[in-house]
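Participant: Read off the chains here:
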Amino acid sequence: MTDITSGEFPSSIRRVEFDSAESKARLRGRYKSEARFKAYGIVALVITTSFLLALLTSIVSRGVPGFFQNYLVTEVLVDAAKIDPQGKGTPEALRAGDYSAVARAALADAIPGINERQLKKELNGLLSSGAGDDLREMVLANPSLLGQRIRTPLLLADQADIFLKETESAVRVFADTRGSATPSATTGDITILVSGNDFADDVALIKAELVNSAVALEKNIALRAGRGASAESLADLKAQAAELRQRAAGTASETLDSKTASRLVAINGGVVKVKEMTPTSVRGDVIVPLTTTAEAAPGTWQIRVYDRPEADRNMNDRAATFLEQLKSKGLIESKFNWAFFTRGDSREAELAGIQGALVGSILTLLVTIGLCLPIGVLAAIYLEEFAPKNRFTELIEININNLAAVPSIVFGLLGLAVFLNFFGLPRSAPLVGGLVLALLVLPTIIIASRAALKSVPPSIREAALGVGASHQQAVFHHVLPLAMPGIMTGTIIGMAHALGETAPLLMIGMIAFIVDVPTSLTQAATVLPVQIFLWSDLPEPAFKMKTAAAILVLLAVLFLMNGISIWLRKKFERRW
Amino acid sequence: MAGWYALLILALLTAGYVISSARARSIAGGNYAEMHSLPAYHGLYTAALAMLPALICFLIGSQLASYFATQTAIAALPGDVQNDVLKQGAALREAFNIAAGGPINSSSAEIQSAAAGYASVLSAGQWITLAIGTFTGLAGLSWGLSRVSMNFRARNGFEKLVHGLLWVCATIAVLTTIGIVFSVVGETYRFFFDPAITGKPTVFEFLFGTEWNPQAALRADQGEIQTAYGFLPLLTGTLLITTIAIAVAGPLGLFSAIYLAEYASPRFRAIAKPILEILAGIPTVVLGFFAALTVAPFIRGWGETFGLNVASESALAAGVVMGMMIIPFISSLSDDVINAVPQSLRDGAYAMGATKSETIRQVILPAALPGIVSAFMLAISRAIGETMIVVMAAGLAANLTFNPLEAVTTITVQIKTILVGDQEFDSAKTLAAFALGFVLFFVTLVLNYIALKVVQKYREQYD
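Chain order of the listed sequences is A and B.
27 is the number that numbering that gives the first Met the number 0 gives to position 28 of the first sequence; each next residue is one higher, with no gaps.
389 is the number that numbering that gives the first Met the number 0 gives to position 390 of the second sequence; each next residue is one higher, with no gaps.
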């Protein structure tokens with residue numbers, strides 16, 4: 000004070016020039032840092048959102064094809080000789096019939112002329128082992144079908160289904176062939192001579208591929224040598240690289256193997272898998288028999304290329320050819336896979352469904368909600384309205400807060416040690432699963448219910464008490480109904496949490512492979528998230544697709560539950 | 000049997016309520032103002048008095064019946080089976096199966112007689128229970144009925160019972176904790192100190208051993224594989240994945256929270272908050288699937304372009320996806336604490352000429368720091384205890400490494416691996432899972448406790 004009144008500017012206070020260049024630069028810097036800081040927040044939100052988007056697109060793109068299933072739709076002769084050879088006509092006899100044989104016969108009719116054992120096996124492998132099941136149900140429902148020809152869908156095997164769905168395994172067709180081609184025979188190992196140099200590009204391509212792999216190998220050798228690998232270990236690789244180089248430079252016919260792109264020739268109604276090729280001729284095995292050995296004019300025969308090598312595919316060229324053949328005849332149809340919702344688990348991907356898991360989830364959640372809703376609400380009422388302020392109440396509150404943060408797997412350990420080993424309840428049962436999940440979500444429900452009870456203004460309570468209600472009457476008749484929307488919202492969120500929970504259920508054995516749909520609380524069952532976990536572990540790509548489809552079902556249910564809770568909150572939200 | 004009992008209890012409830020309230024009505028004769036309690040309360044009180052003894056009889060009686068039935072079954076088994084715990088358990092399971100109506104096929108005569116004895120004692124016990132339950136229930140009913148009068152304080156009596164019920168419900172949380180402690184600590188004690196368990200480590204070996212291999216060699220050709228229960232590789236694996244997760248979620252969650260709390264318009268908030276909530280609601284098994292099938296191959300491919308050798312089950316993939324999981328935790332908790340900082344602090348800083356970011360960095364964040372720290376602690380405890388993401392995306396091999404590109408294993412993965420599938424309850428391997436569970440429980444408990452204390456202290460400052 001005295002400093003200022005004295006008129007002298009004290010040396011301890013630095014004088015700031017607001018219009019100096021230094022000052023302006025500082026201000027610019029501060030504004031820049033302000034903008035930067037704000038940008039950090041936006042970037043963080045963008046990254047988080049893109050995480051979520053990446054997750055959802057990854058799951059949706061994998062899962063949506065899982066809701067569809069390819070069928071072979073063809074004329075089926077419901078052959079009485081195969082289904083009911085003794086002609087009994089009883090439901091038992093009809094049930095025991097060999098419907099797979101009927102389905103196989105229909106497939107053989109669709110692609111005639113396949114007689115070789117191995118080829119026949121490949122062809123039959125296109126059909127699911129459960130292809131006859133729907134047929135059986137149809138015949139059982141309507142025995143007059145016996146002996147008739149009906150057009151019906153037959154389930155394809157998972158590999159065939161996946162092959163049809165994946166674009167990577169799509170075939171490239173070169174139809175404008177330049178020369179005329181002459182096959183040497185109609186079946187077996189044949190040679191096709193071509194008047195134009197139709198295969199020159201392909202041969203050149205293969206040689207280029209050889210050079211590429213040689214270069215890659217040489218790089219690898221250099222890398223390993225750099226890391227100090229011994230000369231002997233590299234000699235083998237060097238020889239391989241040299242051989243590749245030599246093959247690329249030579250003019251001899253190129254042999255195709257399962258590690259290169261596959262090439263097939265479609266000619267005279269048949270298909271040949273190429274084994275060796277020169278620019279003007281190919282040698283290969285017939286897959287679908289040719290009708291004649293006549294010369295095919297340019298443009299009437301095709302070259303088909305599968306870019307993905309046979310070794311990297313689940314379907315070999317022969318099965319793929321049969322499938323393409325069926326597709327070109329218009330016999331393949333993709334339909335919505337309702338069976339996914341009406342079948343239990345199966346070892347065959349195309350037969351596996353989520354009904355068992357869905358029912359298991361529902362049974363488990365019924366136990367959970369039946370226990371934790373009353374217990375949670377009553378506990379919340381006690382703590383919020385009646386509990387005396389003492390050490391025991393404090394202990395309960397600390398316990399609830401701690402339980403809310405205990406890892407879910409620990410609840411699984413509790414279930415295993417207490418419910419299974421101590422009380423001897425059955426393993427894998429929805430009853431035990433429901434008990435464990437009830438303990439798991441109890442803190443959530445208590446905390447949400449307490450918040451809902453707390454939000455009811457004290458005036459309601461006081462008014463009730465004022466007209467002579469007892470404390471319990473005030474709470475149960477007036478406060479609780481007003482808190483109910485909030486309690487329901489919390490309960491739905493808790494249930495959504497329980498529905499998505501997996502780890503504790505693994506501990507109590509709900510991980511078994513269960514085909515049957517559970518019908519009671521003590522029967523072995525599995526739940527949707529555990530089913531997802533089980534399927535995700537299986538190597539078949541078809542199961543990966545089913546996993547993603549099951550995840551979509553789970554997410555849809557969860558979104559629905561959350562949507563309901565938001566709707567409840569919006570509809571009944573009251574500001575006091 | 001349980002069905003009959005449920006029917007009995009239902010009948011007692013209905014009878015108690017209907018008869019007693021009717022009696023109260025007739026006693027009052029329309030003059031309810033003179034009566035202490037409404038007829039409905041007389042009914043409820045009597046119904047409760049009728050139900051409680053029957054319920055208690057059932058709970059005790061069914062346990063006693065199955066205990067005596069099991070004893071009868073054991074007595075019927077041959078001596079050598081009685082003395083061997085494992086054989087006895089197997090024989091009993093078989094006998095229970097037969098008694099429950101399972102196929103008799105290749106069972107021995109002793110087991111069949113055990114099953115018959117079990118079934119007969121069990122059904123006798125259950126019928127006796129039912130009889131006693133009916134009797135005590137009726138006794139309770141008639142006692143309640145005899146107390147109905149103008150001056151009887153039925154409402155107070157009933158409310159006392161309800162109060163007791165409320166107390167019991169609130170106590171279940173404590174019972175759960177006791178159950179967890181009892182199961183986890185008991186088995187952990189056996190793991191370290193029970194002389195009947197072979198191949199168990201000492202506490203020192205467990206805490207500081209560098210090798211984890213609970214599965215001994217099953218066949219001779221697998222060579223000499225010793226079981227080892229060194230906890231360190233699991234600890235480092237868990238810490239590595241948790242560190243990656245926090246490194247991902249910490250900045251993202253915190254900056255999101257700051258932006259949403261301080262910069263965003265109400266409309267933007269209304270859109271951005273639900274996105275974070277969706278992320279929080281995605282089940283971890285879904286995140287695990289995403290980690291294993293999308294993120295891990297992506298990181299592997301990305302590493303290959305830089306010439307790095309990334310394991311297909313790298314810690315990085317699991318850690319990044321776990322980070323995704325805990326972003327909403329950190330952001331919503333931090334958002335709450337930032338919003339709880341009093342406006343006067345902000346206004347003060349603005350009055351001094353501070354920019355918004357300077358206010359946030361130098362005033363709001365320091366003020367909110369305790370809350371943010373506790374948010375991080377809760378997030379860490381979530382990450383440590385998370386199971387499905389690491390089960391699906393991290394490996395099984397217990398490598399002692401801090402390289403995020405290699406496969407590591409975690410505590411939860413090992414618990415799941417040991418306990419899923421067949422297990423005998425008396426092996427060191429199974430008990431080891433409980434010891435790991437104990438560690439997990441203890442660590443998360445401590446983290447939560449600290450977080451809670453920090454928040455409490457902070458609240459005291461500003462309220």
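A couple of the hints might just be wrong.
In the DSS-like style, the derived pairs of lysine-lysine whose C-alpha atoms are separated by at most 27 angstroms in a straight line are [stated by the list, open to error]:
#, chain 1, residue 1, chain 2, residue 2
1, A, K37, B, K159
2, B, K355, A, K388
3, A, K120, A, K258
4, B, K355, B, K272
5, A, K453, B, K428
6, A, K453, B, K355
Have a look at the derived ranges for each label pair, beta carbon to beta carbon [unchecked claim]:
#, chain 1, residue 1, chain 2, residue 2, range
7, A, V514, B, N96, 17 to 25 angstroms
8, B, T209, A, A234, 32 to 40 angstroms
9, A, L236, B, T209, 32 to 40 angstroms
10, A, R426, B, Q111, 22 to 30 angstroms
11, A, V214, B, F297, 24 to 32 angstroms
No lab work stands behind these hints, which were simulated from the structure alone.
Note that this is a predicted model, so its numbers are computed, not measured.
All residues carry an ideal CB built from backbone N, CA and C; glycine is no exception.
Participant: Confirm or reject each hint.
Facilitator: A quick look at each hint next to the structure:
1. A:K37 with B:K159: violated, 58 angstroms
2. B:K355 with A:K388: violated, 43 angstroms
3. A:K120 with A:K258: Distance ~23 angstroms between K120 of chain A and K258 of chain A Cα, so the pair holds.
4. B:K355 with B:K272: Satisfied, since the Cα-Cα distance of roughly 22 angstroms is no more than 27 angstroms.
5. A:K453 with B:K428: Violated, because 48 angstroms separates the two Cα atoms, which is more than 27 angstroms.
6. A:K453 with B:K355: violated, 35 angstroms
7. A:V514 with B:N96: 17 to 25 angstroms: holds, 20 angstroms
8. B:T209 with A:A234: 32 to 40 angstroms: About 38 angstroms separates the Cβ atoms of T209 of chain B and A234 of chain A, which means 32 to 40 angstroms holds.
9. A:L236 with B:T209: 32 to 40 angstroms: Taking Cβ atoms as reference, L236 of chain A and T209 of chain B lie about 36 angstroms apart, which means the hint holds.
10. A:R426 with B:Q111: 22 to 30 angstroms: The hint (22 to 30 angstroms, Cβ to Cβ) holds, given that R426 of chain A and Q111 of chain B are roughly 25 angstroms apart.
11. A:V214 with B:F297: 24 to 32 angstroms: holds, 26 angstroms
Hints 1, 2, 5, 6 from the earlier list are contradicted by this structure; the remaining hints agree with it.
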